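My request is simple: use the sequences and hints to build the entire structure.
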Amino acid sequence: MAKNKLKKSSGDRLSPLNWFNVCLFCLIGGIAWNLENMYFNTFLYNSVYAGASAEALAGTMAPTTAISRMVALSAVTAVLTTFVMGTFSDRMKNRKVFISIGYIVWGLITATFGFITKENIAGLFNLSDGVQILSLTVWAVIIMDMVMTFMGSTSNDSAFNAWVTDITTPVTRPKVETSFTFVGFVAMGIVMGVGTAAQAGAIPYKLFFGLLGLLVAVAGVIGLFTLKEPEHITKENKKTSYWADLLYGFKPSVIKENSTLYLFLLAMCLFNCAFQVFFPYLIVYLQYVVLESAANKVLLTNSLPTIIIVAVIAVAVLVAGVIFLMKLSAKKKLLGIIPGVAALIVGLIILSTSTNFFTILVGIAPTFIGYLVLTIQFGATIRDYTPPEKAGLFQGIRMIFFVLIPMVVGPAIGDIACRSVGASYINEYGIETLVPDAKMFLYSAVVAVLVFIPLLILKKKGIDKTEE
210 MAKNKLKKSS
220 GDRLSPLNWF
230 NVCLFCLIGG
240 IAWNLENMYF
250 NTFLYNSVYA
260 GASAEALAGT
270 MAPTTAISRM
280 VALSAVTAVL
290 TTFVMGTFSD
300 RMKNRKVFIS
310 IGYIVWGLIT
320 ATFGFITKEN
330 IAGLFNLSDG
340 VQILSLTVWA
350 VIIMDMVMTF
360 MGSTSNDSAF
370 NAWVTDITTP
380 VTRPKVETSF
390 TFVGFVAMGI
400 VMGVGTAAQA
410 GAIPYKLFFG
420 LLGLLVAVAG
430 VIGLFTLKEP
440 EHITKENKKT
450 SYWADLLYGF
460 KPSVIKENST
470 LYLFLLAMCL
480 FNCAFQVFFP
490 YLIVYLQYVV
500 LESAANKVLL
510 TNSLPTIIIV
520 AVIAVAVLVA
530 GVIFLMKLSA
540 KKKLLGIIPG
550 VAALIVGLII
560 LSTSTNFFTI
570 LVGIAPTFIG
580 YLVLTIQFGA
590 TIRDYTPPEK
600 AGLFQGIRMI
610 FFVLIPMVVG
620 PAIGDIACRS
630 VGASYINEYG
640 IETLVPDAKM
650 FLYSAVVAVL
660 VFIPLLILKK
670 KGIDKTEE
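Take any residue in the sequence shown, count from 1 to its spot, add 209: that is its number in my numbering.
Everything labelled a hint here was simulated from the structure, so no lab data went into it. Note that the coordinates shown come from a computational prediction; the quantities given were computed from them, not determined experimentally. Do not rely on the hints blindly, as some may be mistaken.
[What the hints assert, rightly or not] Distance ranges between label pairs, derived from CB positions:
1) 501 - 540: 41 to 47 Å
2) 340 - 502: 30 to 36 Å
3) 540 - 466: 35 to 41 Å
4) 630 - 328: 44 to 50 Å
5) 394 - 540: 21 to 27 Å
6) 394 - 659: 23 to 29 Å
7) 525 - 352: 18 to 24 Å
Glycine included, each C-beta is placed from N, C-alpha and C at the ideal position.
Given below as structure tokens:
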């Protein structure tokens with residue numbers, strides 16, 4: 210298949226076709242990642258651990274520990290994959306094949322996930338011991354998650370992110386990152402909408418994973434016809450070896466030369482660590498702690514109009530806060546980023562104080578103001594400081610700070626927070642099961658404070674002054 214060429218849009222504008230592909234692959238990639246990050250966890254909790262005997266639960270790792278290990282091993286897989294495949298795609302200079310074929314295989318693997326059950330594992334390995342069946346099923350989910358992550362990181366983290374860097378400029382990147390964030394929320398809404406039905410047992414997990422997995426595969430097919438390689442990215446004879454390219458971002462000279470990039474990566478890393486302290490446990494927390502609270506059930510029955518009014522106010526504050534801080538960031542990056550970190554910390558502290566609906570709604574506004582502003586600004590700024598023509602080489606480095614460290618450290622801290630409180634839930638089988646606790650938000654806030662360290666160093670370096 211001949212590689213199509215598409216000239217980079219003049220005047221710092223993306224072509225309609227590029228915008229279509231940016232939104233399509235961001236949306237579908239977001240669906241796949243949210244499916245994994247949010248519902249593989251609930252799949253473990255609601256399907257794999259559900260119905261297990263007290264003996265089997267006692268002889269197997271706790272659910273929060275299993276979630277923590279799954280997230281950590283997925284992160285390691287994502288980073289190693291991005292290093293290897295990102296560097297490979299940079300040498301091939303053909304992002305289209307990696308994106309399109311990768312999405313197709315990624316989707317097909319996701320579609321088969323619901324077939325991992327205790328019954329199937331017991332039959333496949335001829336097992337009868339409850340502890341062995343549960344343990345092996347948990348590890349089967351974890352391993353399949355790693356396989357899915359390999360394909361997702363190849364197509365999305367490596368190729369698609371490098372392609373976006375290739376086709377954008379410092380002028381268009383904040384717009385693209387903003388679209389990433391809001392399209393990401395749409396993807397999350399789609400997944401949660403279907404996932405709620407799966408959680409409630411209205412549809413089987415097989416159908417849930419199957420439908421969304423096939424959607425991802427279809428996007429890959431569309432990409433075969435719509436994705437174009439930018440004209441300024443061409444194949445060239447590499448004077449360095451593949452292994453030299455693989456280790457490029459670790460060179461002290463490269464780190465020193467790009468110190469601003471690495472400081473922003475460190476800030477993003479600490480921000481993501483804070484987010485990952487609670488995010489892997491969030492859906493389980495909402496399902497088994499917030500919605501099961503007797504006080505909240507009374508509020509839902511007697512105070513629903515008031516809850517709706519408070520929710521509308523929270524959304525209004527959220528939108529206004531994001532717009533305000535984004536305008537500040539347009540003038541000077543740190544002018545919007547530093548208040549964004551402060552808003553995130555305040556929101557997390559509020560969320561840690563109570564499971565009451567009103568408290569949660571009040572805490573959500575500043576938390577998501579910080580989350581949205583930091584995600585957009587860090588994402589755009591890191592692309593700005595990525596050396597031209599080396600986007601693929603830096604995707605692995607980016608993934609260390611974006612994924613590996615946060616998804617290993619964050620969930621482990623969250624697991625410690627949940628286990629230290631020891632909150633539990635008696636499931637429908639009469640078995641006591643560990644559940645997440647609101648104190649995980651307080652631990653998250655403590656980690657978020659550390660984001661100020663690299664930001665203050667950047668301020669001292671005069672990062673905003675150099676851009677005036």
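Legend entry - residue 525 paired with residue 352, Cβ distance criterion 18 to 24 Å: Given range 18 to 24 Å: violated, Cβ gap about 45 Å.
Inset, instruction - Starting from the hint 44 to 50 Å, judge whether the C-beta atoms of residue 630 and residue 328 obey it. - result: 33 Å, violated
Legend entry - Consistency of beta-carbon spacing, residue 540 to residue 394, with hint 21 to 27 Å: 25 Å, holds
Legend entry - Range agreement (Cβ of residue 466 with Cβ of residue 540, hint 35 to 41 Å): At 27 Å between Cβs, range violated.
Inset, instruction - Mind checking the hinted window 23 to 29 Å against the Cβ distance between residue 394 and residue 659? - result: 26 Å, holds
Inset, instruction - Could you tell me whether the CB distance from residue 501 to residue 540 stays inside 41 to 47 Å? - result: 46 Å, holds
Inset, instruction - Using the Cβ atoms, figure out if residue 340 sits within 30 to 36 Å of residue 502. - result: Cβ of residue 340 to Cβ of residue 502: about 32 Å, so the range 30 to 36 Å holds.
When the structure is compared with the earlier hints, violations turn up for hints 3, 4 and 7 and for no others.
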